[in-house]
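Protein chains in written order, with the numbering used here: chain A, 1 to 315; chain B, 1001 to 1102; chain C, 2001 to 2205; chain D, 3001 to 3534.
Calculated directly from the structure, the hints in this document are not laboratory data.
Hints may be right or wrong, so weigh each one.
[As the list claims (entries may be wrong)] Here are the computed lysine-lysine pairs in the DSSO-like style, where the Cα-Cα straight-line distance is at most 27 Å:
1. K3341(D) to K104(A)
2. K3423(D) to K44(A)
3. K44(A) to K3237(D)
4. K1066(B) to K2094(C)
5. K204(A) to K243(A)
6. K286(A) to K3341(D)
7. K2027(C) to K2118(C)
[Stated by the list, open to error] One side of the interface only, derived from the structure: several residues of chain D facing chain A at Cβ under 8 Å:
8. T3027
9. V3332
10. T3361
11. G3532
Being a predicted model, the structure only gives us computed values, none of them experimental.
Built from N, CA and C at the ideal position, the CB exists for glycine as well.
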Amino acid sequence: MSTWIPESASNLAASVDNITLFVTIVSVFFFVLISAVLVAFSIKYRRKSEDQETAYITHNPVIETIWTIIPTILLMVIFAWGWIAFKELRNPPAEAIEVNVVAKQWLWEFEYFTGKKSLNELFVQQNKPVRLIMRSDDVIHSFFVPQFRVKQDILPGSYQQLWFTPTKVGTFDLLCAEYCGSGHSKMLATVKVLSPEAFARWEKGDELEDGAALAAISVSPAERGKDLYSQRGCLACHSIDGKEVIGPTFKNLYGKTEDLEDGSSVLVDENYLRESIYEPEAKMVKGYPPTMPSFKGILSEEEVTALIEYIKTLK
Amino acid sequence: MSAHNHTEEHHTGLRVYAAVCLALFVLTAVTVYVAKFDFGDFNIVVAMLIASIKAAIVALYFMHLKFEDKLTWIYALYPLFLLFLLIGFTIMETFTRVPVIK
Amino acid sequence: MSSTVEHAESHAHGHGLGDAVTHNAAKFGMWLFLGTEILLFGGLFAAYALFRAKYPDLFYDSHKKLDVTLGAINTIVLIFSSFTMALAVSASQKRNRNWLMILLSITFICGAAFGVNKYFEYSAKFHHHIYPETNIFFALYFMMTGLHMLHVFIGMGIIFALIIMAKQGRFKEGNRYTPVEVGGLYWHLVDLIWIYLFPLLYLIG
Amino acid sequence: MANGAMTQTQHIPYLAQKGLKSWILTTDHKRIGILYLVTISFFFMIAGLAALGMRYELMTPELDFFRTPTEYNVAFTLHGSLMVFFFIVPGIAASFGNFLIPLMIGARDVAFPRINLLSFWIYLVGTAILLSALAQPADTGWTFYTPYSIQTGTKVILITLGVFVLGFSSILTGMNFIVTIHKLRAPGMTWSRLPLFIWASYATAILQLLATPVVGITLLLLIAERAFDIGFFDPAKGGDPILFQNFFWFYSHPAVYIMVIPAFGIISEIIPVFARKPIFGYKAIAYSSFAIAIISFFVWLHHMFVSGISETAAAIFSFLTMLVAIPTAVKVFNWTATLYKGSIDFHSSMLYALSFIVLFTVGGLTGVYLGALAVDVHLHDTYFIVAHMHYVMIGGTVMGFFGALHFWYQKWFGKVFNELTAKAAWFLIFVGFNVTFFPQFFMGFQGMPRRYATYPEEYISYHALSTYGSWILGLGIIIMTVNLLIPLWKKGWPESSNPYGSLSLEWQVPSPPPHENFDEIPTVTDWTYAYGKK
């Protein structure tokens, strides 16, 4: 990773980087110029005596015209260049593969044209253009992958699109860039760019390539639950160290008796936890906002079991 | 300075004000009347045109804009320009949003 | 060092500003303020334009629930009050205190009539379970007419103050009628905005 | 005419009268200016504390200082809305504008002294509402973006109501200044002789007057939306969330210039005095303020390049944004050129003015990145924006404000501060500011999004550096404040009323000025900047 701009991992990065470089050269030039002149004048014309002679210069049309025209030309070049690169960002090729994206407080859901779904992990194939069709279930979110140089706000009530062709195999951070509430900074996901072979295997459902799935068959349910806790966005709202974030903390949750909004109370056991994951608003604990989305169809029964096992370990 | 201690007073007469008032009544009747006809997309244009004529009459005569200096005119018209800008660009932005074909 | 100022003998007048300067400044200030009022309503007009373009049918169907006759009567009332206000300014310039008070009172009564009319209109809407949250048209209707109503009330307050001032004989000489003229400008703006609200809300073709 | 010729026969400084009533019921523009100065400084301090808290939190990637992310979000909302609406928007215009405009144009007061007091009172009511909102603060960010601001469980209505009320104060002040500048100029004070601070104040006043009502109605709609459950901005009810952004930026982009144009004016006053040179390209600077004031109404969509607006709309607004950069660039060149063949005295206020040029240049140039469409897509909503905004707001406005404080200090209060301490404080502020915000440009390039309570490990070194910088900056501001407060306890006024040899009208009366500024309204015979004229 270079120090000033992240590595480029999409077809769009190069043109964005080129214009960025141009703007940077222009900016550095003018910054150095102005600073140097300022410092030079400050030294040369510093007040040495009270009656130092000064020149009576009020204006100079030639100089003023020149330094109005030069920035104007440069700015127009930057505008035009930025626009050209922007057009590329905005216009996906026809052959792009579509992926549906749902952003909600505070997780990402991806649905592929094969019907496969994934949560907080976007799988794409190297060198194959992808078109994301994105909607939000609640407030404005923004899809941002720094290495791809793409960003698009996702609005509730309409579809937004974004496209890119990943050029490098690897895992890249996907960040929510539009402030969306208390879980905003935890609304992170990853984009997994797979080689064509790996992608084909993944599509077939043979997920052995996938570290998480691999772990699923070889680790205890509680450990699997721990991974799910961070991958599936639970951590945005539920702490494991007793802090109150948005929802109740998981620490010492199992076996506790919670007071509900309707005045009754409930013992937190396996069934209550399962119900709360699938139907969060069925039994609301007193004093918490009804913001949790349902994980029905997102987390399998097996995964819910793993999560419950994990919660049980948090004492 | 004390020699010019009064500003121009525009003693617009009762007759002018009455005529203006009457014109406004008539235009109100006209706008209600024409609303009964359907000009398609021009309904709003017609209605706004009549309203603007009425507004102009109120401003020019009742509010004496007719007798005001250039400066007042500028500051009476500039907000209208900004209003058009606000409405125009907002509408332009809203209706040029690219529909995502799904 | 060269100087940029000198003292002329001729500026002998006191510390207060001349009447003419005050009068012009006050009028100009009010015009500036009216500009901000236009832009305050401007946001509502822009929202109206946007949503009407988006939902023409909703706007058409909803506007039928408004009473054109009441709206038209209110338009006439406001125009008439503008007329009497203009005459009041004229009377104040002629230092005709009796006429000034009569005309201001008529204007005030017109404002009150407008308010009463609006009260009946609103209660009829509530009676038919039409509230701001009913749909976007009524949200705009209540916001626009409500904000306008607020301006009518403020205008009536100003007129009331002017009547009191006239009663105390404050507009006798010089340019002391400035408050009447400035208050009049404000009242005309209230009328001016209603001139647009009426066709926009009541007369959608 | 020598300076001494204007000595007042009975000089009773406007500060002489004592007692609470003499302050809260004053119609003297100078006293109202002080009232504003005290209030805005108070909010500057509170908002600054919120910023220090946020920076302290961001030392480490995980949450440790605040207990919940919501607390962090409340902190940046408070920081943003206090700084923007309660300090920087009214800031220079209300404090220095009030103090200087009548003095500089040769008037006894503003056109409507009582409305001036009224607008201060409205400002106080707004601040009171806001302070009561502090008990249950909102977490929306200062932009109040819908639909989050409609859905959040925190109390949004109070804080927006506070800002709404404040808007009227801004409008009345703007109206007052425009009328004052048009109608109350002293004889001979033609438009081409006006100090540039007046030109800048006039341009600012236009923006205050005509942009503020739009944010007023926007916030009113937001309040109505929350209170009555209607749906202008909520797509679930048929509304349009982008409409809010359109309305909000229609105000808030011009508002950026409300914040910074007065600082342009200040810099244009300070540099000629301490360089003993006429300002270079007077007309260009004067007109460019106006050009900026007018064009700034046409560029608001550049805040929305990734909000889903069309390519065409984006292109038009990118183009218009570039146009705004031109007058700004011209100003920077003019200020620099003024130094040529001058006699430069590095008074503390001059140091602020010079650092303004450097820092504002960074702020302006980084603005070009954000105006260029494709680059903005990458940088939007990252720390690059945060850094850019602070280079303009602190590097620009606050440097101008601090410069003005040091330059007109003697004029306002008739006291002298310790110049050496002032220079030391300036040094700390300059260094601290750059250490705080320069790393944020790199962080932004790397993709660190703004408004994150926690963040991925890889940004830790930038964040830590930035936090250390905030401590230096904070220390500098504390030293500066103490240095400026100490002399206020001393009795008596200094000998010289025009210590820096300024030609501008306000320095031709005693310091501090008498109640109605001038015994006799002066007649102006020459340009304000005729330094070194032979």
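Outcome of the hint check:
no., hint, in the structure
1, K3341(D) to K104(A), "violated, 62 Å"
2, K3423(D) to K44(A), "holds, 20 Å"
3, K44(A) to K3237(D), "violated, 66 Å"
4, K1066(B) to K2094(C), "holds, 20 Å"
5, K204(A) to K243(A), "violated, 41 Å"
6, K286(A) to K3341(D), "violated, 73 Å"
7, K2027(C) to K2118(C), "violated, 30 Å"
8, T3027, "violated, 38 Å"
9, V3332, "holds, 6 Å"
10, T3361, "holds, 5 Å"
11, G3532, "holds, 4 Å"
In this structure, the hints that do not hold are numbers 1, 3, 5, 6, 7 and 8, in rising order.
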